[in-house]
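Fit chain B to the given chain A structure using the hints.
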Amino acid sequence: MTKKIAFWIFLIGTLSSAALFLGATYDTHRQVGTLANVDKLSDQVVAGKRAFEKYNCNDCHTILGFGGYYAPDLTKVVRRVGEEGIRYRLKSPEVAFANSPRKMPQQNLSGQEITDLVAFFSWVGEINNNDWPPQDSKKRLSRGEQMMVAKVGVSPGAAVFQTKGCMNCHALHGTGGTFGPPLDLVGRGKTIEEIEHYIQNPGGVNPKAKMPPQKDNLSQRELEEVARFLATQK
Amino acid sequence: MEYRSQKIAYWYFAAALPLFVLQVVVGLWLAANYTFTIPQSIVNVFPFSTARAFHTNLLVLWMLLGFMGGTYYIIPEETKSEIYSTGLAWFQLIALLVTGVTALVGFLFGWTQGRPLLEIPMALDFVVVIGALVFLFNVGMTMLKAKNWTAIQGTLLGGLVFLALLYLLGIPFYRNLVIDWYYWWWVIHLWVEGAWELVTASIFAFVLMKLTGVERQVVEKWLYVEIGLFLFTGLAGTGHHYYWIGAPRYWLWVGGIFSALEPLPILLMVFDTMHHVKERKEKIVNPLTWTYAIGCAVMHFIGAGVWGFLHTLPQINYYTHGSQVTVSHGHLAFFGAYALLNLMTFYYAMPKMKGIAAYDDRLGKIGFWTMCSAMMIMGLTFGVAGVLQSYIERVLGMGYMVAQGYMRLWMGVTMVAGVFFLGGLLTTVVDLFTLRPAKVQA
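Just so you know, the sequences run in chain order A and B.
FYI, in the numbering used here the residues of the first sequence are 733 to 966.
FYI, in the numbering used here the residues of the second sequence are 11 to 452.
Isolated chain B (complex conformation):
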């Protein structure tokens, strides 16, 4: 840690981790809903829908906290200056946490906008917008005052502004369901396959540059090519969500072609990560942080690239759309691209903020491998359930609950894998909060 104001990032990370744990606990409850019969009396007060709103909103909340913390950590080192105002950073952290907790409690009492992933009611949306404006102002002012522009900063700021603008489209009520979903995807798809990719690509480039010591010119060159490809395939690739919503037929072509290309930028990311690691100029001090970086690139490619590609062609998507195949892809992609990215950032920054040069990574290693294996198994079991559903319900037309009956066993296996995932996550969280210097090797 070179600048005092970087310390604020620690509290963003510390707030994000317990929320991640809660997200996974609720996830286990969701899996239990698929595996067991939940009595009517419980369903009446705490239905699956409320739990799902918890699961997804917690995901967005902890990941955004991670991105913001990551941004506050990176910006001082990139701009070579302190953050414009740590007071504003504190205000914004508390505002976001209070809004998040209020929203979750509200869901329990049916206070919801009722649109998947965008359940937060309009009144709270405005608080989120104010928080986002404060954040952008703080980051933007730091960059403007320092005037040490770099491609990493520019990509980060661009991604964050894009992210905030897109959120606005999720706020209003739409009369027409078709238009509603059309713009719903501008928030969801253009976030995860646009704005979030920009933010993570720049955070990833920063950490990789610092870890490996490869020159900035080389790292930033690849950053440009990657984000160029991300946006080229990702923007028009939104079309793969418009196949069956009542939009014109040409979206089958636009969505099919552009999203078939979407794995390319991620593949490029894997190659240049491997390349940078091979051409490293620094010694490997903390092997676990490096493992996270490579793991993130590889799992990002598997979850988002391969799994996304598998069911993005219209001919296949006709049968898999809105089934557990989507769930399989969602879990692997979010974990690979964004959960591992955040955890990599935590493992890079948190030891530095505690003044530990080389940390003891025995627990952390167990956590990493448990989480990755458990999530890979979950991706496969969700996938098997999804293929069964597509075939029995959609191809054979045997009815929704008939298909669910055959899938039940696989959802049970998913739940068991989820317990292992929670174990891996708890190990990781405990490790991050109790980092110790590694014993000097003899």
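In isolation and in its complexed conformation, chain A is listed as follows:
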């Protein structure tokens, strides 16, 4: 190999990779509007991003997996701890983490900044990012449900039934709400698939049903588990 051939290897290698990279960059810009829900990227979300940067949150926390590894990832924080949980931690970290071996600084955020930050996290949580991080994936049960399965020994479906608000309307063996019918015998004559189908859209099966569709409330995994649980009630 001569130096001239080596130079051509350099030139062709660099240019071909650069062309692919720049082309994909152009296409990424085209698609990012849909993937990141740019229509919902309001001024309040941007204000939240500014607050996020002002307090250097990102050097302890990761978001989309980037940043400091000293504190939990914030990509799906709304799904994990809820909006109220975020407000509490931001407002009184010294109380929230009093018993934790790791502390969060009290930054004296204004009420407006807290509201903006919550809006920012809500927007980030909806970015279509190939279902990362795994611990917050929709294919999993929620943290609360996992705890019930592990510590109380209930079935996953029973955990979903208790944590997703089913009992606000329905009762099992006398415990629960009375707004909807009791479900003690709901498994009689119904298959798992039928129950799943009903939960997703009650109005489609029975036009008079007052129960709201549970499409957004439950992940696919939760839907399957709760249907399997209800099918055993007979």
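Simulated from the structure, these hints should not be mistaken for lab results.
We put the beta carbon where it would ideally sit given N, CA and C, even for glycine.
Certain hints may be false.
Claimed, not checked - Here are the in silico distance ranges between beta carbons for each label pair: (1) E816(A) / L118(B): 32 to 38 Å; (2) S832(A) / V55(B): 17 to 23 Å; (3) E289(B) / H761(A): 46 to 52 Å; (4) N840(A) / A448(B): 56 to 62 Å.
Relative to the frame of chain A, chain B by itself:
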């Protein structure tokens, strides 16, 4: 030293070394944050985030000073002329140091852009840009006036211009977080796996050529192939950072394939270093400088090549992304590729600038082996912590702090290894500042 203006490099090296020491001291504090419970009152005034900004910005600052000093040392010998203006070189050194120190003090008072590694506020960014322009002007004018073009010069100048251009993308505020991270990686990834590789490949080629006496034609031929492979795999390889940010799905393929090839150019670098050393035409006068050259190639391959490859495939990265596995890779790669490269340059150039042909390397050897062993242990302990985190937090879904509890012991071991690293570094720094001629062997 053949040219008077090369002397300016000494002050760049002298400024870089104490900053490296400070970086490691802050690093120990970071490890302590993981190992012990820091009381709320201290966290309120000096949180982990501020210390981390110190640790990373000091890294960039001292390494850039090292690269610039290295450039000022090499350029006169390559172009066979004095540097265009030593006055500008002095101005730029002081400007960079003042900006750096201002930025660090500013972090203590919450003056920050708040983006990891790019915390320097916009106002100071402009000073950095002016400093970079002065540097490029000075280097470019030296080359233009001399008109003795070589591949080493071209690669060096190309790398430096690329480095400066990429910095610009880190300055503005981005409304969309996805786009923000997309271009954040143009600074971070394309620096360390693009521009910095060009700069170090050319500095490395220069030192290797001078040490071994292998012909320029051979060294530069391999330089072309290496930087060609670096850029071929590194440019599109940026995709391995775009798996989970909300970019299109094809980045899993682009990033996965190109970054799987990224160890190749480094492996080639190891082979041709070994080859040049074997085919050397010069005697080994200063064995420690040679040890640094080989150590740099090998640790570069382990830290950047092997450790990078280990968690770059999307199927693995899904669980390891943003965990201590990344930290393990970051430490080994930066140390192997860039810290050792700079120290090799210091050990090559500083004795010459003091007029010492053969230096006493007893202390330096202790420093080298202590640092390399301590960093290797740190890479492993960070790695164990990272695997625990990936499994407990991500696979089992047991919660962040549960995983951190299991990792705590390993972060403590890392801190102890860090103390040894600091010991090795202090030995090295003292040695570099007090170089003495070696006693003639009987």
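Structure versus earlier hints - violations, ascending order | Of the numbered hints, all hold.
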